[in-house]
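Quick mapping for you: the protein sequence lines, in order, are chains A, F, B and W.
Quick note on my numbering: the first sequence kicks off at 1 and runs consecutively.
Quick note on my numbering: the second sequence kicks off at 1 and runs consecutively.
Quick note on my numbering: the third sequence kicks off at 1 and runs consecutively.
Quick note on my numbering: the fourth sequence kicks off at 1 and runs consecutively.
If you're looking for bench data, these hints aren't it; they were derived computationally from the structure.
It is possible that part of the hints are untrue.
To be verified - Residues of chain F clear of chain B, computed beta-carbon distances all greater than 10 angstroms:
(1) G33
(2) R93
(3) W125
(4) N142
(5) E148
(6) L175
(7) I250
(8) I251
(9) N259
(10) N296
As the list claims (entries may be wrong) - Here are the simulated DSBU-like pairs of lysine-lysine, each with C-alpha atoms no more than 35 angstroms apart in a straight line:
(11) K115/W to K167/W
(12) K167/W to K44/B
(13) K44/F to K92/F
(14) K115/A to K44/A
(15) K225/B to K115/B
(16) K225/B to K167/B
(17) K44/B to K44/W
(18) K225/A to K44/W
(19) K167/B to K115/B
(20) K44/A to K92/A
(21) K44/A to K92/F
(22) K225/B to K225/F
(23) K44/W to K115/W
(24) K225/W to K115/F
(25) K92/A to K44/F
(26) K167/A to K92/A
(27) K92/W to K167/W
(28) K44/W to K92/B
(29) K44/F to K44/A
(30) K115/B to K115/A
(31) K167/F to K225/F
All C-beta atoms in this analysis are idealised placements derived from N, C-alpha and C, irrespective of residue type, glycine included.
4 protein chains.
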Amino acid sequence: MTVPQASPASAAKRSKGADDQASLIVQGVDATGIVAAVTLLLSKHGANIVSLDQYSDNPQGGAFFQRTVFGLDGLQAALPALRADLDEGLAKRYGLTCTLRDLSVPQRMAIFASKSDHCLLDLLWRHRRGQLPVRIPMVFSNHPDVAEEVRSFGIPFFHVPSMGADKSAAEAEHLRLLRGNVDFVVLARYMQILSGDFIEQAGVPIINIHHSFLPAFIGAGPYAKAKERGVKLVGATAHYVTQDLDEGPIIEQDVVRVNHADTAADLTRRGADVERAVLSRAVLWHAEDRVIRHGNHTIVFA
Amino acid sequence: MTVPQASPASAAKRSKGADDQASLIVQGVDATGIVAAVTLLLSKHGANIVSLDQYSDNPQGGAFFQRTVFGLDGLQAALPALRADLDEGLAKRYGLTCTLRDLSVPQRMAIFASKSDHCLLDLLWRHRRGQLPVRIPMVFSNHPDVAEEVRSFGIPFFHVPSMGADKSAAEAEHLRLLRGNVDFVVLARYMQILSGDFIEQAGVPIINIHHSFLPAFIGAGPYAKAKERGVKLVGATAHYVTQDLDEGPIIEQDVVRVNHADTAADLTRRGADVERAVLSRAVLWHAEDRVIRHGNHTIVFA
Amino acid sequence: MTVPQASPASAAKRSKGADDQASLIVQGVDATGIVAAVTLLLSKHGANIVSLDQYSDNPQGGAFFQRTVFGLDGLQAALPALRADLDEGLAKRYGLTCTLRDLSVPQRMAIFASKSDHCLLDLLWRHRRGQLPVRIPMVFSNHPDVAEEVRSFGIPFFHVPSMGADKSAAEAEHLRLLRGNVDFVVLARYMQILSGDFIEQAGVPIINIHHSFLPAFIGAGPYAKAKERGVKLVGATAHYVTQDLDEGPIIEQDVVRVNHADTAADLTRRGADVERAVLSRAVLWHAEDRVIRHGNHTIVFA
Amino acid sequence: MTVPQASPASAAKRSKGADDQASLIVQGVDATGIVAAVTLLLSKHGANIVSLDQYSDNPQGGAFFQRTVFGLDGLQAALPALRADLDEGLAKRYGLTCTLRDLSVPQRMAIFASKSDHCLLDLLWRHRRGQLPVRIPMVFSNHPDVAEEVRSFGIPFFHVPSMGADKSAAEAEHLRLLRGNVDFVVLARYMQILSGDFIEQAGVPIINIHHSFLPAFIGAGPYAKAKERGVKLVGATAHYVTQDLDEGPIIEQDVVRVNHADTAADLTRRGADVERAVLSRAVLWHAEDRVIRHGNHTIVFA
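Use the sequences and the hints to build the structure in full.
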């Protein structure tokens, strides 16, 4: 079955939005007047604020974060002047970092998978229903099993086998195909460890789903460990991948109740439901520019 | 045991705040430039925005809501000029309603209770721990049972018996004591129905906890009805009281899982845990000006 | 892609079980000694009890329910003698109803769907993973859209269009195909109302997913009603279908938190996640004989 | 205010029970026929089974656990004969451990607290409402602050100060008062570490509430650690105390959602709500003989 990919227009609709909406992320050191400066600048360009979220970890010189979604007739034509003004009025004057993105252009997301298909399929289903405002130019797996299913969604599938301890060839192949083609990567229960070199060269955010409530049960086999420890809840954690395995900034977490009668296999099955839910939320929020990284934390304007 | 009431200073601390913080609620018809106008006006007065939440149900002329908490040195001295400016720059110019409140002055909350003490005690405990930024000048009950316990928290207790169908005498007594002394009223499982006349004359918001997940099981005996219907969850709803019983704007809701083995008494017991949690959250949010009423709905910036 | 259906053997494995396991449901009027009588009878046949759940709504002559899963070498050969003994020792002696089922023979489940595919796909996908111990001999829809996708799971799809107010022709077609071929029916967001006549003639349990927390928002358009009422949670309810629309015995319910910023479309999207989770749990429990109907209630040994 | 302790009779009512009910816990190596043997034995004594829960971690010679609550007219007079029969028919014959307890005699529970009163007060208040079927003969604290409040519940309070590193004097005082007077101990946010010697000499189960989702954030200051790690949920764990700090068998756990805007103080406040809920459930289940220890795990028939 060939199901055409959701078009950018319908995907963008998820953002309650029109073709003429943009998101602006501003972050830096807090100071009096930043919110006013941002909103005044947008106002001068005729922008209408659709939503505004703001957070400061300390109003006296702490870290400041603001996400603003606004509408502006003829957005694309107006972007260069707006960017210049942001650069002048906010970046230079307040030392703030400004990230402006046209919401009618969905981010491009690559998915890496292995044998487990629950996270992968959940993302593809939601995408097909128009619930994830992204394009999916490619899915990778180190196993060929899901090829036909992925392609039935109208999405290219590339089988890149893992070849033992030396991953350099596989990673080179990944990098060659990713380069310039994606805005972020999602590891949908991809069971290979990425090298620090790969993470650096990919140069885009990488989101992973860890099948436990971090920092409990770090590493491999968390459900077996959870069974061994006799916990009453199992969970999942979506986080950005950093050089420190399992230690990157957490985006989202959730848990599900289990009991003594659940075997390790039962925990795995129940955990899978939480994994796909947590990963889908994290991907949606990232795709809508709702997640801001700061040190090893995230600010999530969900 | 006499435990002194939390002082205003410590209560206000809950608002992550200092003595010089205020909240500003702005609402009206959405239009381009409102957020900028509000933040610019605050900025001109030297205010530093601590947090800003905003919502519009339709950027093209829908209803607009904004809650801003800001710090300002010498707040109390500056309030009159700020109020005048808000009136001129926002109320008159944009037709917006502005509500400004000095957060160092806690709202005054009266509690009405009957025989069940779980909601009442939870509010008193949280207040004593400094978790509810309110003053509690009085607790009413139509039963004398909890008098000594309430007074042990250092809070005045007034027994106003209900006298049959004609509630006018009891309501007159309530109104006489409330008038001018409270900013809002909480019905903590108060088992008497308030007359429309009382609601009108009280002239302050009244928060009720309904022991069901509204609109399921409206009216009396919801746990018996829930048992009868065989539901798998029971819930509670905190809402503002209006002339339409059980139909006022919902502030907060939650549920808890039950099963076939739970008797109606078990549902009541489990429901009580949800009731006190839901009511406490609703009261906290109301006390921090996080709840805005709009028609029969609420906007909750929690 | 053609994925073969999970074989009975692997499906039965979900029941932590072997080929030689059976479930026995006993229900009737409670009396002293029933549990002993059941377990002794099983013991005499050499059965090893794997799990036993029991509930009585009143030990003094109330309604009694027991679910026992047991292992027995050479189960199939032993079944006739066991049945005879149950009939003699429990049914006749205590007036109990006994239902014995060989767990190595999965129940046969038909699915009815319409345009929304989230519940349908979740069931098909869980079945393929070996998580639902059922066979799925047929899927019906009044729309042809999902035909190819259903068939990609290796499952027959039948398009039976609905033809206006008179449903008799469509229902006759359904009945013709169902008769003798299925043990229960699942309505996976099937948007047609079944006639009382159909329910009666189908003669098997029918499970429906209602997209609201029953009894709130009964009938059509529950998410629009939930938005209108301003609720803070939306839910879903799986129940057995009876002649009284939306009033049948509830099997499972769950909710998800929403807020003022969620549109009716957002509620629909969030609700869909709860719907598929609730329906999947209800189907699994039914398939494993964990749900016992009693009047308009269910006893769920989950 | 002096509120008399709930009488044993009313406390026992919580167990849906009457004066003539008992609980029987059976555990050992699984074998064919155990459930039948237990129920038959009870049946022969004229006992009527009120509820029966059973679990085996492997029907082929794994560990077997059964909790049976039964009613028996003239229970107390019948207990010696029943005990003898259990000893003969189950303990000797099957090598099972049998624990029989008259449910009309509530277990005696001592509470240890420090300055935080939320867990302590929740237990005392639930007890007063008749929701915890225990007697509370004494409350200890290393701080005098809560003395008057505890005594207002009609319960003796003993102030045993902690005196630096050497805890032997304080522990000796505790042991002297506990000896023979209590059936289990609850540490309701008691901030002193118990010595291995104390645990051994106390000779009764000790339940602790750990303010984190174990095994995440083991040890002191878990909320600060949780804030540092940027988690999206904080939790609490009730467990039996063993020589291995924070490593004892888990009875119950739960979590609550937090976000980037919550300070460590907010996490502490939100965590407190989870702590008291988790501890109350664990205490109730222990008091009703619903928790069976096995190695470092628990079987909880809740």
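Hints and how they fare:
1. G33: holds (21 angstroms)
2. R93: holds (26 angstroms)
3. W125: W125/F is indeed farther than 10 angstroms from all Cβ atoms of chain B, at 24 angstroms.
4. N142: holds (30 angstroms)
5. E148: holds (36 angstroms)
6. L175: Correct as stated: the minimum Cβ-Cβ distance to chain B is 29 angstroms, above 10 angstroms.
7. I250: violated (5 angstroms)
8. I251: violated (8 angstroms)
9. N259: About 7 angstroms separates N259/F from the closest Cβ of chain B, which leaves it inside 10 angstroms; violated.
10. N296: violated (6 angstroms)
11. K115/W to K167/W: holds (18 angstroms)
12. K167/W to K44/B: violated (59 angstroms)
13. K44/F to K92/F: With Cα atoms ~18 angstroms apart, K44/F and K92/F stay inside 35 angstroms; holds.
14. K115/A to K44/A: This hinted pair is violated, its Cα atoms lying about 52 angstroms apart.
15. K225/B to K115/B: Satisfied, since the Cα-Cα distance of roughly 21 angstroms is no more than 35 angstroms.
16. K225/B to K167/B: Judged against 35 angstroms, a Cα distance of about 28 angstroms means the pair holds.
17. K44/B to K44/W: Cα-Cα ~17 angstroms, so holds.
18. K225/A to K44/W: Since the Cα atoms of K225/A and K44/W sit roughly 44 angstroms apart, the hinted pair is violated (cutoff 35 angstroms).
19. K167/B to K115/B: holds (18 angstroms)
20. K44/A to K92/A: The hint holds at about 18 angstroms.
21. K44/A to K92/F: holds (21 angstroms)
22. K225/B to K225/F: Holds: K225/B and K225/F sit about 22 angstroms apart, inside 35 angstroms.
23. K44/W to K115/W: Not OK: K44/W and K115/W at ~52 angstroms, beyond 35 angstroms, violated.
24. K225/W to K115/F: Given pair K225/W, K115/F is violated - Cα atoms ~42 angstroms apart, limit 35 angstroms.
25. K92/A to K44/F: Cα-Cα ~21 angstroms, so holds.
26. K167/A to K92/A: Outside the cut-off at roughly 43 angstroms; violated.
27. K92/W to K167/W: Outside the cut-off at roughly 43 angstroms; violated.
28. K44/W to K92/B: holds (21 angstroms)
29. K44/F to K44/A: Given pair K44/F, K44/A holds - Cα atoms ~17 angstroms apart, limit 35 angstroms.
30. K115/B to K115/A: holds (29 angstroms)
31. K167/F to K225/F: holds (28 angstroms)
The structure fails to meet hints 7, 8, 9, 10, 12, 14, 18, 23, 24, 26 and 27 from the earlier list, while all remaining hints are met.
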